[in-house]
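Chain order of the listed sequences is A and B. Just so we're aligned: 125 in UniProt numbering is position 125 of the first sequence, and the numbers increase by one with no gaps anywhere. Just so we're aligned: 142 in UniProt numbering is position 142 of the second sequence, and the numbers increase by one with no gaps anywhere.
The hints are simulated quantities; they were obtained by calculation from the structure and are not laboratory data. Worth double-checking, as some hints may not be accurate.
[Said to hold, decoys possible] List of simulated lysine-lysine pairs, DSS-like, C-alpha gap at most 25 Å: (1) A:Lys-220 - A:Lys-88; (2) B:Lys-263 - A:Lys-117; (3) B:Lys-100 - B:Lys-166; (4) A:Lys-202 - B:Lys-7; (5) A:Lys-117 - A:Lys-202; (6) B:Lys-192 - A:Lys-202; (7) B:Lys-103 - A:Lys-304; (8) B:Lys-192 - B:Lys-166; (9) B:Lys-38 - A:Lys-163; (10) A:Lys-202 - A:Lys-53; (11) B:Lys-263 - B:Lys-192; (12) A:Lys-163 - A:Lys-220; (13) B:Lys-103 - B:Lys-7; (14) A:Lys-220 - B:Lys-9; (15) A:Lys-220 - A:Lys-202; (16) A:Lys-53 - A:Lys-79; (17) B:Lys-9 - A:Lys-117; (18) B:Lys-166 - A:Lys-117; (19) A:Lys-88 - A:Lys-72; (20) A:Lys-117 - A:Lys-88; (21) B:Lys-38 - B:Lys-49.
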Amino acid sequence: MNTVVGVKKEKAALAKVNKRTKHSLQSSLWWMYLPALALVVFFILYPFLNGLKISLTNWNGFSQTFDFVGLKQYSRLFKDPDTWLVVKNTLLYGLGSTLFQNIIGLLYALLLNQSIKLRGLTRTIIYLPVIISPLIMGYIWYFFFAYQGGALNDILTAMGMEKINALANPEVNTWLIVFVNTYQFVGVAMIIYLAGLQSISKDYYEAAQLDGASAFNQFKNITLPLLMPSITINIVINVIGGLKLFDVIVSLTGGGPGNASQSMSTFMYDLYFNRQDAGYAATEGVLMALIILIISLSALLFFKRKEVEA
Amino acid sequence: MEKTNRKPKLFLSVIALIIALYHLVPFYILLTTAFKAKGDFSSKWIFPKQFSFDNFREAWEMANLGQSLWNTVIITFFSAGLLIILGSLAAYPLARRTTKANKLVYVFFIAVMVIPPLTALVPLYQLVVDIGMMNTRTIAVLNNVAAYLPLAIFLYAGFIRSTIPKELEEAAKMDGANTLSIFFRVVFPLLKPVTASILIISCVYIWNDYQFAIFFLQAEEVKTITVALSSFFGQNTSNLNLVAAAAIMAVAPMVILFLLLQKHFIQGLASGSVKG
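With the rest of the complex left out, here is chain A (with noise of 0.2 Å):
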């Protein structure tokens, strides 16, 4: 009887500190956070929310007084011949970057993943300019396209054949902002396929071969599919990136001549800083935001779906 009762008070006083534990391993533990929650509302929520109030202003970003006027810049965004001129770099430089950086990167992964000579060397050389300063690598490539001394020219010249001044021809310098972007961050894109194409394993080309498949079919049949992952990753990661691309655009071409190599983060420091139209800068920069949001969630929700299906 005793020990019966004796086991009981001591299950009641387990249970008890059981609960007392319990319920403060449930405790939010809020206060560790609140520094990081603070610092993100302030420097980014805030911001951003703010932003929305000043596009639907005529502020000129230093008077202290402003007007409501409403949805007019963006009225004004809409008709702009420019917005649309920037919009489309914009996704040039977003869309047209990521499927060189895809196709390539996974060209060099494919290569790199043969047991070949020089194999480290080749992938630390590609990968270097990852770590370098996008505006810096702009420079370097300034060096190679400039009019005046540049690498570019230098071999025109000596083939006896005219100069040609690419960087301010509006014709060809967004695509050459696309191709330094593409040859800065290509490597990124080749170790992420690289990992991807050592993670698939050697049971599936072995049963392959048996059955007779060609390289091609191969290819098609499993490292494509099994490759999915790695694809969106890279899809997602190269349109983010491209779609704000601002330091190469600086450095290279400063967005001219004119307005012709400009893209929407360039465009809103221009508005902003030199032209004294901060309202219109801050309706450019929701316009952007929702770009990026919209391209990057679809390239997501698409490339999600097929590695369902695959």
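Using the hints provided, position chain B relative to the given structure of chain A.
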């Protein structure tokens, strides 16, 4: 089998060599340009007969590289340190205490990752002016920390969920006055691999940052290396040899670190980009 493989292997090695050389072209041009004396307009494809280090000396002084390198070091150091401390602290409860509030806060951090901070440039600039922090290294640190905290928290939380045993916190009684010290003595050391990744990601991004720096660090005494270089370029467009020398000195620290710690760099940066 081996023999038939050799020829295509050799062919592939040659292709790899060509690709490597192509990727080195801009760096080669950078070197030949930087070592040519002022006014030497010979082809950029050949090195000068006499290597001139004058460009480096002159660029170092004219572009104020010493001061701007120091500013960059300070900003990178404090930003990365704060990111590690605040990020790991924040991720712990978000990964382990799944109360409703915590879930919401976590979703908020992830959602913020989608907003490029630059799209809020106008109001952010205004905010910085209002709180009187224009042209201070502090604002560069705070901006960078806020920009990369969501990513740091995301990486830390994922790591904590997948690798830190739950029993640990039960044993260590993570509640009460000494939670902080237990966190830093027991949990934090176990986060070393992900801390290394975050450290590398944030150092590379923050060291190379131009978008924030150009807006908030315009004064000579707070300029970072990228801002110093862009204004130096603006003054010397007709003297690219000087700019090339400055560019080499600007990228040298990061390039040397990369070559020394290559594996960690590639691993760290890859894990950071896998946030999608």
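Subject >> Earlier hints that do not hold, by number >> reply: 1, 6, 10, 12, 13, 18, 20
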